[in-house]
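K.L.:
As they're listed, the protein sequences go chains H and V.
Taking our numbering, I'd label the letters of the first sequence as residues 1 to 631.
Taking our numbering, I'd label the letters of the second sequence as residues 1001 to 1258.
Derived from the structure by calculation, the hints contain no laboratory data.
The structure displayed is predicted, hence computed values, not measured ones.
C-beta atoms are modelled at their ideal positions from N, C-alpha and C, and glycine is treated no differently.
Be careful, since some hints might not be right.
Interface residues of chain H toward chain V, partial, derived using beta-carbon atoms under 7 Å [what the hints assert, rightly or not]:
#1 GLY53
#2 SER98
#3 GLN271
#4 VAL273
#5 GLY274
#6 PRO276
#7 GLY277
#8 GLY350
#9 ALA357
#10 ILE362
#11 GLY364
#12 LYS365
#13 LYS371
#14 ALA374
#15 LYS377
#16 LYS410
If you want a taste of the chain V side facing chain H, the calculated C-beta under 10 Å gives, among others [unchecked claim]:
#17 GLU1032
#18 GLY1132
#19 THR1164
Label-pair ranges, simulated between beta-carbon atoms [as the list claims (entries may be wrong)]:
#20 H/SER210 to V/GLU1032: 26 to 36 Å
#21 H/PRO42 to V/PRO1014: 30 to 40 Å
#22 H/ARG174 to V/LYS1012: 41 to 51 Å
#23 H/ASN323 to V/GLY1122: 52 to 62 Å
#24 V/ILE1233 to H/ASP74: 43 to 53 Å
#25 H/ASN323 to V/ILE1233: 50 to 60 Å
#26 V/GLY1224 to H/ASN319: 47 to 57 Å
#27 H/LYS18 to V/GLU1090: 36 to 46 Å
#28 V/TYR1015 to H/GLU59: 39 to 49 Å
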Amino acid sequence: MGRGTGMRMLMNSGRTYKQGEQLYHKESQEYSEQTSLCFISPIDLFRLDIEEGENVEIETATGKTVFRTVASQDVVTGEIFLPCGPYANFILPPCTHSTGAPDFKTLEVEVRPTEREPVSAWDLLEAEGGLRYDSPPEGCPTRSPEGDKTVADVLCPLCGCVCDDIELKIHDNRIVACENGCLLCSAKFLAKNRLISPIKKTGGRWEKISYEEAVNYTADALVEAERPLLFGWSGTYGEAQCIGVSIAELIGGVIDNCSSECHGPSIMAIQEVGHPGCTLGQVKNRADVIIYWGSNPIASHPRHMSRYSTYTDGFFLDNSFRNRTVIVFDVRKSDTAKIADEFIQIKSGGDYAVFSALRAIIRGKEDVIPKIVAGVKKEDLIRISKIMLCAKFGTFFTGIGLTQSRGKYKNVRNAIELVDELNRHTKYTLTPMRGHWNVYGTNQTFTYMTGYPYAVDFAHGVAYYNPGETSAIDMLSRKEVDACVIIGSDPGAHFPRACNEHLATIPTIVIDPFPIMSTAVATVHIPVAMTGVDAEGAAYRMDAIPLWMKKVMEPTQPNDAELLRRIYDAIKEKKSVTETIGKNACTIDSTSFITREMMHAAPGTGESRYNTVVPGRTLHHTHRNETGAFL
Amino acid sequence: MMRVSLEVKDSKNPYIPIEAEEIVPKNFLGAEMALHVWRGNRKVLLEEVFHIRKEGTASSANEIEVVITGESGRIKRVGEYMDAGTIRIEGDIGMHCGNFMSGGSIEVKGNAGAWLGREMTGGTITCRGNAGDYCGSGYRGEKRGMRGGTIVVYGNAGDFTAETLSGGTVTVHGNAGDLCGAEMKDGTLTIHGNASRVCGNMTGGTCTVFGTVTDMMPTFRFVGTREGSDNGITLTEFTGDVANRGKGHLLVRSFTRA
Chain H
1 MGRGTGMRML MNSGRTYKQG EQLYHKESQE YSEQTSLCFI SPIDLFRLDI EEGENVEIET
61 ATGKTVFRTV ASQDVVTGEI FLPCGPYANF ILPPCTHSTG APDFKTLEVE VRPTEREPVS
121 AWDLLEAEGG LRYDSPPEGC PTRSPEGDKT VADVLCPLCG CVCDDIELKI HDNRIVACEN
181 GCLLCSAKFL AKNRLISPIK KTGGRWEKIS YEEAVNYTAD ALVEAERPLL FGWSGTYGEA
241 QCIGVSIAEL IGGVIDNCSS ECHGPSIMAI QEVGHPGCTL GQVKNRADVI IYWGSNPIAS
301 HPRHMSRYST YTDGFFLDNS FRNRTVIVFD VRKSDTAKIA DEFIQIKSGG DYAVFSALRA
361 IIRGKEDVIP KIVAGVKKED LIRISKIMLC AKFGTFFTGI GLTQSRGKYK NVRNAIELVD
421 ELNRHTKYTL TPMRGHWNVY GTNQTFTYMT GYPYAVDFAH GVAYYNPGET SAIDMLSRKE
481 VDACVIIGSD PGAHFPRACN EHLATIPTIV IDPFPIMSTA VATVHIPVAM TGVDAEGAAY
541 RMDAIPLWMK KVMEPTQPND AELLRRIYDA IKEKKSVTET IGKNACTIDS TSFITREMMH
601 AAPGTGESRY NTVVPGRTLH HTHRNETGAF L
Chain V
1001 MMRVSLEVKD SKNPYIPIEA EEIVPKNFLG AEMALHVWRG NRKVLLEEVF HIRKEGTASS
1061 ANEIEVVITG ESGRIKRVGE YMDAGTIRIE GDIGMHCGNF MSGGSIEVKG NAGAWLGREM
1121 TGGTITCRGN AGDYCGSGYR GEKRGMRGGT IVVYGNAGDF TAETLSGGTV TVHGNAGDLC
1181 GAEMKDGTLT IHGNASRVCG NMTGGTCTVF GTVTDMMPTF RFVGTREGSD NGITLTEFTG
1241 DVANRGKGHL LVRSFTRA
């Protein structure tokens, strides 16, 4: 094959350690460099007739852009691995197969050598219709009235582990050192590029505006919209999420959270066959077989193995490093796979078949199984099934390798059914490796308030849920959204290009402490205090344990709940809703509420909202009494 | 016979979805009553979205034909809970057409969106173009999908076609997508073209694929070969899904393994 000739390959995208480290430094050159890498087998480099470090252009029907190659023995020939971020998503089609999650994995692409250089992440967002915001940091929004200090037992607001042993040193109103945390944790706590005041895109440039103007702009956009979307929420705390749900009800909007593109499919599977879960403490203290499937915690949850599984001793398990068996199933030999006792390499997209084969083997039907299943030898499957059956307590940790590859939620369903099968013989559990620190919290609060965990549509005034129809990526790619609020998430970096292109054409309001990729496609960005630093609230760890994220300094900016409450009040005023929150609030806590007027005023009609039963829709408020207690 | 013509009006924002579950023949019977649709979060009168013209009279819903013309690809839930009469759609139709339908017939001359005939129990849906994902399937978390009636798709069908099929017949004359017939419990699924990973977790019913199944599930037990009933094509017969103690029948012309 001569130089310049392209190759059809399979693309998988996912977290790398370096990409995760730059999550709160997205304006930096380092972020662009780390997310524009293409990990590729040396054999395929040879086939493309290029050296490591040379560039390739990767193309799909959606678009093409340039990546720098990194030779990797971990990736099988015929496949490439891209760090998740704006580059991989620039070429990602928005099709979710009506599941809510696009094909971040097992996507066919064309790869060819090129002399062109990768552009910057801001360049990509501008190509999607956005406008970069690369102004230098303007100061420090936090203050420490007690002066310099050290704060122990701080909770980390980064990944689903929510590590609770972080120690922060504060000097001159800033965090200057972070102990005990992983690199991802430190990078977030030490990030210094906070946005100081709200900004608005005006005439091709960014202008500072007041909080009052920003709140009014947001309320106007949401009141006027016929199909408003409130997206994100995983990067904020439960009390703010509850106000978000109340806003969605008030405006007849759709509220969705990040799980629709990551572990939403896990929840869809759980809705079908249940969740055999447990706390991470159970795993730590009991599990002698641990299976990471489609997950690479060394990159995504760096302390997961040391706090909850492989390396930590348990009450019923001494010398756990030697006494636990760690099995990794993945399409590439990830860093986690390299330290596992067993690594089973599956052909991309073959997880569903392997789960089925293991279930059949455990049922004693191994005679039906062909010699090879999705690249895995039958004898390996039989051997692994015996290890699984010998466990006293086994645990599956399932990652987005399952939820974002073809089949999506059916992969997780099959995993749960394998757990069911194993539970006929011994004890097994399954825990999805939730990504954002409070993404599980969004599912908890949304379910508590609406009956559904994400993708909740209040267009008819009652809650309706259907990923693929009411999930953010599907709605944006169909261009049906006419106003959007983004909070606690960054679709600019993590949504398919088509979604960002649409966001750039409608009123889009970003609420975030930092300038992020979504800022580029927004019309207004409102900075807020950062949870875990100068704001506090409730979060749920990946095993659904509620934790209190405490603040370590005082804010000079509103926190998410305060800002959302102001937006809520402004919307009420514009819609001429007169009753006050305090008088009629169905109080869950001090900042979350559902008011009586929401139960009577349909958006745009003034009619009673709950006088008809809509098939497939939940009348959740009928389950509440006047004070908000569930009946 | 009564013929109700609904012509979609031009819209300021044609991307806003219209939910039109009140478009079922019986609602046009008898005295005039105000029908509504939802345009996004706004509940509006039917005439705001459609030019409406009625011709003839009818004494029952069976004598009513509703004809939808114009840009109707964004209109959802047409024919939901329909039990009698006819709906003819000259172009495309949006999601959930014929949801929970129990009688009557729907003809879509263009393409249909996802969830065509979701959880239907009777009646007939004919789609001349392509059908989206989840054709003849169930709702999220449901154990059972379509339970009766007939869906015929002359084009291609999407992923998860006939998921949790529990009765009735789904026929796809073109290709079908991935994981068709997943969790299938009963009924008949026939695909005249190709499909991939059909009938995972199947427990009952019959699925026939006259084309090629790619990435055939490894958990189906080979039974033998036999000729297709109406076209003489030799089919390989399996039972399964053995991972699920399944007793379904899967017949395929050819297949590849994952």
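K.L.:
Now tell me if each hint is right for this structure.
P.N.:
Verification of the hints:
no.	hint	result
1	GLY53	violated (35 Å)
2	SER98	holds (4 Å)
3	GLN271	holds (3 Å)
4	VAL273	violated (9 Å)
5	GLY274	violated (10 Å)
6	PRO276	violated (16 Å)
7	GLY277	violated (17 Å)
8	GLY350	holds (5 Å)
9	ALA357	holds (5 Å)
10	ILE362	violated (9 Å)
11	GLY364	violated (10 Å)
12	LYS365	holds (5 Å)
13	LYS371	violated (9 Å)
14	ALA374	holds (4 Å)
15	LYS377	violated (12 Å)
16	LYS410	holds (6 Å)
17	GLU1032	violated (20 Å)
18	GLY1132	holds (7 Å)
19	THR1164	holds (9 Å)
20	H/SER210 to V/GLU1032: 26 to 36 Å	violated (52 Å)
21	H/PRO42 to V/PRO1014: 30 to 40 Å	violated (51 Å)
22	H/ARG174 to V/LYS1012: 41 to 51 Å	holds (50 Å)
23	H/ASN323 to V/GLY1122: 52 to 62 Å	holds (59 Å)
24	V/ILE1233 to H/ASP74: 43 to 53 Å	holds (44 Å)
25	H/ASN323 to V/ILE1233: 50 to 60 Å	holds (56 Å)
26	V/GLY1224 to H/ASN319: 47 to 57 Å	holds (54 Å)
27	H/LYS18 to V/GLU1090: 36 to 46 Å	violated (55 Å)
28	V/TYR1015 to H/GLU59: 39 to 49 Å	violated (27 Å)
Hints 1, 4, 5, 6, 7, 10, 11, 13, 15, 17, 20, 21, 27, 28 from the earlier list are contradicted by this structure; the remaining hints agree with it.
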